[in-house]
Amino acid sequence: MTNTSRFLVIACAAASMLFASGCQYLKQDMANQPKNLPLSPSDFFTDGRSERPILENTVAHGSIADDELFVPKDSNNFPLKVDLLLLQRGEERYRIFCSPCHGLQGDGNGLVVMRGMKHPPTYHQDRLRQAPNGYFYDNITNGFGAMYGYSAQIPPADRWAIIAYLRALQLSRNAIVSDLPAELQQRLSSAGAKKE
Amino acid sequence: MAQIFHRSTNFIARFSVFSTLFLVGVALVAVLAVARSPYMTRQNVTREQPVQFSHKHHVGDDGIDCRYCHTGVETSAVAGIPPTKTCMNCHSVLFNTAAYLEPIRESYRSDKSIEWVKVHRLADFVYFNHSIHVNKGVGCSSCHGQINQMPLVFQANTLLMQWCVECHRNPEQVLRPKDQVFNMDWKAPDNQAEIGAKLREEYKIRTTAELTSCSTCHR
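Protein chains in written order, with my numbering: chain P, 1 to 196; chain A, 1 to 219.
Chain P with its partners taken away, still in its complex shape:
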């Protein structure tokens, strides 16, 4: 064997050894990349979560503006402009988060209550008609009685949309005819006259 061919043999052997040792990286499947996806497990943290719990007293970037939405328990402030859009949003959110227990009409006969959950008080009673807005906000945020807080599931603005809708629900069973605009009053009385 000449020197050159001996060198070639050694080079080939070295290259194939390098290749073999690199195989685990070559085998690395692009479908299973070594990265954390939301809620994927992690070996790095002792609790096994790649998604880290929020440290106490930290404020998420951009959420400081929500301060004005935090109305104290005894205040009747309503921090948002009430319009049809807000009410529609409130209705949708109410159906998602509240109706399982409080029922679609707010009297506490939701499907989950039918299955044995504690019966919540109806919204259609004087105590809750007179309760300030902040009282509802506090209960949605921190929970009340058997109801756990919903701060993790419902963002602050949506809580207010729900409160607006809840007020509309209360009004739906506690309105007097003279509160209606004249046009609607007329329609109501003519409909009544037709029936007779």
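These aren't lab readings, by the way, just hints derived from the structure by calculation. Don't take every hint at face value.
[Stated by the list, open to error] Computed spacing ranges between beta-carbons, pair by pair:
no., chain 1, residue 1, chain 2, residue 2, range
1, P, Thr122, A, Trp163, 41 to 49 Å
2, P, Asp43, A, Asn170, 36 to 44 Å
3, P, Leu128, A, Ser76, 32 to 40 Å
4, P, Gln88, A, Ala30, 53 to 61 Å
5, P, Leu184, A, Thr41, 52 to 60 Å
6, P, Pro34, A, Ala35, 22 to 30 Å
[To be verified] No more than 27 Å apart at the CA atoms, straight line, and that leaves these computed lysine-lysine pairs for BS3-like:
no., chain 1, residue 1, chain 2, residue 2
7, P, Lys35, A, Lys118
8, A, Lys136, A, Lys204
9, P, Lys73, A, Lys85
10, A, Lys178, P, Lys81
11, A, Lys204, A, Lys56
If you're wondering where the values come from, they're calculated on a predicted model, not measured in any experiment. We treat Cβ as the ideally placed atom computed from N, Cα and C, and that holds for glycine.
With chain P fixed as given, assemble chain A onto it according to the hints.
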């Protein structure tokens, strides 16, 4: 000199050449068929979970909206698996001594995550976003099937790229009015083509060329 081979060997030679080609073809088709079969895609295969959570019971029987638990679905890429606390909203009272739910209570007491088994797993190079689909009129059941009828969740579809692209080419066939997106029982009406085209315009859905561009899903 006598002939070494009989005349029939001509036939045998030709036959073996063609049958080899044929067998290679069959093998190729078989490999592709297996790759698309439920054995590989895991379509219609239910997964055991740490607690055998039934969507049929919670969604179908109790009428709980998807978004009660999957709160991220309208605003972020992932719909989100609810924290144990969401289970406890009801199960602190309901079935609160059932052995079946002990892993839930244990997780709540010890603050240790329940390791739910992922059913709809996409490759890591696919950047799927729930919020854009849900906000543009693609309903849950269009991809996930009728979850409200599944005691244990399984993949109703293959999740092959071919399947994604089918819809990206013709989104009209699945587009729904916004108030029907979370309706598990939605069926396409007879005039879906017409409604779909109108909704596509209303939702300002991009052109098919853009929807089927590689970087729409891969980056």
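Checked hints:
For the pair P:Thr122 and A:Trp163, the beta carbons lie near 48 Å from each other, so the given range of 41 to 49 Å is met. Between P:Asp43 and A:Asn170 the C-beta distance comes to about 43 Å, which sits within the given range of 36 to 44 Å. At about 34 Å, the beta-carbon gap between P:Leu128 and A:Ser76 stays in the expected band of 32 to 40 Å. Checked against the hint of 53 to 61 Å, the C-beta distance between P:Gln88 and A:Ala30 comes to roughly 55 Å, which is consistent with it.
Checked against the hint of 52 to 60 Å, the pair P:Leu184 and A:Thr41 passes, with Cβ atoms roughly 58 Å apart. Against the hinted window of 22 to 30 Å, the Cβ-Cβ separation of P:Pro34 and A:Ala35 comes to about 25 Å, which satisfies the hint. With a CA separation close to 16 Å, the supplied pair P:Lys35 and A:Lys118 stays within the 27 Å bound. Simply put, A:Lys136 and A:Lys204 have alpha-carbon atoms about 8 Å apart, close enough for the 27 Å limit, and the pair holds.
The straight-line distance between the Cα atoms of P:Lys73 and A:Lys85 is roughly 24 Å, inside the 27 Å bound, and the hint therefore holds. At most 27 Å may separate the alpha-carbon atoms for a hinted pair to count; A:Lys178 and P:Lys81 meet this at roughly 24 Å. Distance check on the hinted pair: A:Lys204 and A:Lys56 sit about 34 Å apart at the alpha-carbon level, beyond 27 Å; violated.
The structure shown violates just one earlier hint, number 11.
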